[in-house]
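Trainee: With these hints in hand, go ahead and build the complete structure from the sequences.
These protein sequence lines are chains A and B, in that order.
Here the working numbering is used: the first residue of the first sequence is 26, the next is one more, and so on.
Here the working numbering is used: the first residue of the second sequence is 475, the next is one more, and so on.
Derived from the structure by calculation, the hints contain no laboratory data.
Ideal Cβ positions, reconstructed from N, Cα and C, are used throughout, including at glycine.
It is possible that part of the hints are untrue.
Straight line, CA to CA, 25 Å or less: simulated DSS-like cross-link-like pairs of lysine-lysine [what the hints assert, rightly or not]: (1) B/Lys-588 to A/Lys-350; (2) A/Lys-350 to B/Lys-510; (3) A/Lys-379 to B/Lys-510.
Here are a few chain A residues that sit away from chain B, every Cβ distance over 12 Å (derived from the structure) [as the list claims (entries may be wrong)]: (4) Asp-119; (5) Asp-353; (6) Lys-364; (7) Leu-407; (8) Ser-492; (9) Asn-500.
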Amino acid sequence: MHRRRLSAINKLTLEAIGVGFLLIFLLECFYIITTRGISPVLVSLDIFLSVLVMLGIAFYYMAQRARMERTLRESEEKLRGFIESSTDAFTLWDSKLNLIEANEASLKFHPSGTKMENLIGKNMLDIMPDLKKTETYDRYLEVIKTGRPFFINDVITHPEFGNMHLAVKTFKVGDGLGVITIDVTELKKVEESMNLLSAAVKTSIDAISVTSIGNGKLIFCNDAFLKQWRVEGDFHDLHYTDCFDDNSGILKKSVQSTIKGGWTGEMTAKAMNGQTFPVLVTSSPVLDGNGKTFGLLNIFKDITERKKAEENLCNTLKELEARNKELDEYVYMMSHDLKTPLLNIQGFASLMKKKHGDELDEKTKHYIDTVISGARYLDTLLNDILALSRAGLSKLKSERIELLETVHLSLKSLQTSIAEKGAEVLFPNELPVVYYDPTGLREVFINLLSNALEYSKQGGKPIIEISWNENMNENVILVKDNGIGIEEKYLDKIFQPFERLSSDENGTGLGLSITKKIVERHGGRIWAESKSGEGSAFYFTIPKVTKEVK
Amino acid sequence: MDEERVGEEPVEQKSVCILVVEDDPGHRELISEAIKDTEILNNTQLVKDGDEALHYLYREGEYGNEQKYPKPDLILLDLKLPGLNGKDVLRKIKSNAETRMIPVIILTVSALDKDIDECYALGANGYITKPMDFEQFVAIVKTIPFYWTFVNSLPTK
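Mentor: Below, the structure is given as structure tokens:
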């Protein structure tokens, strides 16, 4: 700018001098015409000005030239600097493909430590021997021959960095060759991962869409979305709200939540043919470079099948519940109907013995006793069937219970048979507090204890031990006896209804089934360890919960 | 037998009328046997179902004779009855001004919580599950009139 003004001043000076020269020349012409003589002063002034003009012109052109040279040098330096500092490789080859010049960046395609002076002047094939077999080398020769530039993507194997992806631009420079080589390995990697990502999104089974926040229209959607929503034609015309059957206002809520950070929930999708289907939606905001939300990314999972399955399960459960209730009622009716004649059998047999006992012989009395005890057994059995059915069907309470108290109560109701057997029951001073159905828990203890009493050894003193252990999630209760034990092959069978291991007429074979049902309904497990003749150990677990349900 | 007793008991001992509603003939007999065992002077009336019970209580048909069929002081009611069931009968008794003061004791084989609660809600005065053992049965049934007519004071009307 400064230089340009200088030259402008020079030009102006020259023009002023030129105009002066012209004025004096005209003045002289006027003088010659009027005086018919020559003024020596004017002529010498004229000559002086002519010399001045010529000198000025010479000086002007010299300055111009010097300036041009300087500009050229400067721009050459700039170009060189640009080429040197470029991360792309610039190489210049002569017509024989010997390297004339190369920038620093071109060294990165050679083993590290390669010096520039070792490369300059060498032939391309000496520098890169592998090149001869390739198409690229032929193309270089072609450029030199035809002068047509070409662009090629190439892969070379660097001894240290492995495969490098290159973009190579080649053009004719003079009668030689200029080559610009760009390392696109990183770009290629990004491109590959982008391709992978795009393929994954495209082929995803879940429908994926991106909606613009600006106008609510779809910016992108994948194949699954098109298929599930039955979109024909351009999806760009679709408005997000057209894709749902929204009566509850959940759509608006979901969009608001998504903008704030994200949203997951169920919605009813509406396909273009009007068909609706349930979807599980995961929405997240899509941010632009400045961190501003410009769209919503939605991933949809078609949950029609799941919903159907849920509905089926729900129906099945309802049906099962109804069936169970039916069964409960059936058992109740049955027990009522069976108990009515039972009382008659027992009652009248007893009356017969009471009123006419004197007239009967011993044998007949024995017959009557058998009738009575048979009826009594049938009654126990009916009660147990009722208990088993109720253990599985009645509503469970969950109350805070001192286990020690339950043990005391159970022993109290068994005191007669404990005394009869002369048994000793040992239990610790401290037992945990649990949450359980009080009646159920008592039944579990009574069943396990009476089982231990029932299967005690003939003649020996039955000793029953109750103990307790705990782990992270549950209390484990152990009821151990020194009775006749159970053969290992029967251990699986004992919890099955009507499985009896002895012919004792008091047992119905339902006690352990009832116990198992109660324990399992409280979320616990029950099992036995035993060996024939060596006593049995019954374990059951009580989950550690602290919730009361009344 | 009752007449014999009338002479033996002190004059102020009034005979108690107990209405037993029981469909099973055997049970009817066993109940009356058990009541006979009590020391309480009683006039036990046996009916076989709900309809008959209501006929008795409201003096319909053959039960018109108040002398022969007096208003009961205590009702023992079975739940499972043919036709009109025990709960229906209970509801009728307890919703009628004439009969609602009479204590009704449910005597049944059912021990279901549902039945027990429903009966009390309908106004039952007691609920007893029939023991299946005859000795126990007699022992328990005997206590019913003993408690309700001897220990307890019955309504005067």
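Trainee: Work down the list of hints and note, for each, if the structure agrees.
Mentor: Going through the hints against the structure:
1. B/Lys-588 to A/Lys-350: With a Cα-Cα distance of about 13 Å, the restraint between B/Lys-588 and A/Lys-350 holds, given a limit of 25 Å.
2. A/Lys-350 to B/Lys-510: With Cα atoms ~41 Å apart, A/Lys-350 and B/Lys-510 exceed 25 Å; violated.
3. A/Lys-379 to B/Lys-510: Holds: A/Lys-379 and B/Lys-510 sit about 15 Å apart, inside 25 Å.
4. Asp-119: It holds; A/Asp-119 is separated from chain B by about 109 Å at its closest Cβ, greater than 12 Å.
5. Asp-353: violated, 9 Å
6. Lys-364: violated, 4 Å
7. Leu-407: violated, 8 Å
8. Ser-492: Non-interface label on A/Ser-492 holds, nearest chain B Cβ at 34 Å vs cutoff 12 Å.
9. Asn-500: holds, 28 Å
Hint check: violations occur at hints 2, 5, 6 and 7; the rest are consistent with the structure.
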